[in-house]
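S.K.: Given chain A, work out where chain B should sit, using these hints.
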Amino acid sequence: MKSLDPRVNRLPQTDGANTTPKVPLDQFGTFEVFVQPKAGKPFQHEGIVHAPNLEMAYVLAKEAFTRRFTCVSIFVAETRNIHISVLTEGDDDAYNHVVESAPNGEKTSFEIFHLFKRGKQHQHMGAVEATNPNEALWVASKQLKTEKQVFNIWTIRTSDIRFTNQDDMDLWLTLPEKKFRDAASYKGGDKLKTFLEASKN
Amino acid sequence: MNQEAIKELLYKMADDQLILGHRNSEWTGFGPLLEEDIAFSSMAQDKVGHSLALYTMLNDLGEQDPDTIAFTRNADQFHNSIFTELPNAEYDFSLIRHFLYDTAEALRFEMLSHSSFEPLAQVATKVRGELRYHTMHANTWVKQLGAATEESISRLQQSLEYALPFALGIFELSPFEKELIADRIFEGEKALEEKWKKKVEDLIAQTQLQLPKWESISPQYGGRTGKHTEHLQPLLDEMSEVFKIDPTAEW
Chain A
2 MKSLDPRVNR LPQTDGANTT PKVPLDQFGT FEVFVQPKAG KPFQHEGIVH APNLEMAYVL
62 AKEAFTRRFT CVSIFVAETR NIHISVLTEG DDDAYNHVVE SAPNGEKTSF EIFHLFKRGK
122 QHQHMGAVEA TNPNEALWVA SKQLKTEKQV FNIWTIRTSD IRFTNQDDMD LWLTLPEKKF
182 RDAASYKGGD KLKTFLEASK N
Chain B
105 MNQEAIKELL YKMADDQLIL GHRNSEWTGF GPLLEEDIAF SSMAQDKVGH SLALYTMLND
165 LGEQDPDTIA FTRNADQFHN SIFTELPNAE YDFSLIRHFL YDTAEALRFE MLSHSSFEPL
225 AQVATKVRGE LRYHTMHANT WVKQLGAATE ESISRLQQSL EYALPFALGI FELSPFEKEL
285 IADRIFEGEK ALEEKWKKKV EDLIAQTQLQ LPKWESISPQ YGGRTGKHTE HLQPLLDEMS
345 EVFKIDPTAE W
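If you're matching them up, the sequences are chains A and B in order.
Heads up: the first sequence begins at 2 in my numbering, then just goes up one per residue.
Heads up: the second sequence begins at 105 in my numbering, then just goes up one per residue.
Rather than coming from a laboratory, the hints here were simulated on the basis of the structure.
Treat the hints with care, since some could be wrong.
[Unchecked claim] Using 30 angstroms as the maximum straight-line C-alpha spacing, the simulated DSS-like pairs for lysine-lysine come out as follows:
1) K39(A) with K230(B)
2) K194(A) with K348(B)
3) K111(B) with K230(B)
4) K179(A) with K348(B)
5) K348(B) with K188(A)
6) K42(A) with K230(B)
7) K192(A) with K348(B)
8) K230(B) with K180(A)
9) K179(A) with K111(B)
Only chain B is shown next, with the shape it has when bound in the complex:
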């Protein structure tokens, strides 16, 4: 099995989960209502947990330990999609990102539960319940607010249009697509993107939101090769602040 291909896949997945997990955790204490604050924080914690499982797998493949990988790299060494690092701004954007990203996340893990790379298949199978909740939560909210009031619909619509080019950036092709598909490790970004578009179309059709034509959207690539926005480094600085004071501390 092609180790470099597996590592590339694991890094981008783990970095996506860590960065969005951290970003979403910024809502803790500030959610629009108490119950939602708790739910969104729990899901952010799940994402960080997924990143730990994936970094641990990388460690088993010879990479450094999870804390070192998570806390000591600079922005240009991260492989997360740009979408995950964008600041939260208003809740409508965070919610739309949660919907678009988690739909892709759940599909990716579902596909990987059949991966020939056994450790990844096991983790993907294990977290299926968590991801089921994440998409249930996102879908319920988008259906609710996407057909509620004029304000909720127009806010979600604006966020949707802003988010879509970045969301398509999730599916930036890896240099190892052929190897991953041939070795039956992962069916590939193209296959994932097609499944994702179908799911997004189905859900948006149940709301009063309008989905722009896919051809009219220019995907924002670059994140997978370390080309990030100015928003990532401040996030990393804040996330690693305590770790950098004393990397050996147990807390």
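Chain A extracted, bound-state conformation:
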């Protein structure tokens, strides 16, 4: 009987011509995923998912980035909706490069994220009211900047973010019990040690 396993049935067919035309890439856009590991902790940037829209991005982000460890909430935003400041080095603070920006139009809410260490993740600092992303950074320099040096600042319109609804807070209820998804919990070293000791006798 023909195998039922798609891993076998889906192997590329090699009979017939030697070559087939290379098809152009047909890919979805990218969305940025932010994770809150524990209640009271800030959301931090965790990575990127491909998706056809914001809602699908949310659904796919949940398993792509919160299969392990702990999580209480996530949010996602389309990459093109993230406005980023300059990236600085040494003791140069990214806010040194933020210039005063005048309001133009309706005020709206923007979420602000700080990068405190190069190579680490951006952390959510809070929200400011502004009329555009440039002004949002200027307002953030007055309201959210602390003593701690910042290497890069992101801002996202609050309305561009797909947040976790109150009803969906229990999505991560059983996550802390899923230790089996963490390679370390398999304790391969211990198993090997036991096996080697048993083989000596």
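M.R.: This is chain B only, laid out in the frame that chain A set:
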């Protein structure tokens, strides 16, 4: 409380979760996109986890240990609905099955969270977040593809029409319906089926898919009494391959 009735309920639920969990895990590494591959695999793992919780409950009621129950029975000793054992074929079918089955699964566990059989009520309450994600995932995909392109709509439509008779087989009546309802263990397959039809209708109405009239569909029963298709035994053989080499091995 009627132990035989509880056991019958637990076996069919656990077998459904195990068989579909295994079937869906066959997509691991072959999902239509990386993120979906991960999500679908995680949900398959959740289902196997639910089966373990239910087999453990059966073990507490005097049945054999979970591994023995899962890995040593033959196809005719399984109580899963035929729907769960059908081969995956194309992703559109797996997705429609995921939607139809998980809608029923989430409703069943929600009903059981009020069960008078306390261990079952506890497990049902505990996994509510997982099931919420499963239905959110299924609904989002079906809404997306059910209104996207001509191809996606016609593929889902065909799969839907193929799947519905088997989906109705989930609600095959148990010989213990009266006892389960009287003892307030479970409100019964009939009540579940009605709730499920309503949910399915609501979701399909948000797409360009057409739901056939319920009266026109002949449910495919038999799975609950061990009458399966030729697809179940090869699945069981593959699933238990490693276990049968050395049942005492720890891995």
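S.K.: Evaluate each hint against the coordinates.
M.R.: Hint check results:
no.	hint	verdict
1	K39(A) with K230(B)	19 angstroms, holds
2	K194(A) with K348(B)	25 angstroms, holds
3	K111(B) with K230(B)	20 angstroms, holds
4	K179(A) with K348(B)	26 angstroms, holds
5	K348(B) with K188(A)	24 angstroms, holds
6	K42(A) with K230(B)	24 angstroms, holds
7	K192(A) with K348(B)	21 angstroms, holds
8	K230(B) with K180(A)	16 angstroms, holds
9	K179(A) with K111(B)	27 angstroms, holds
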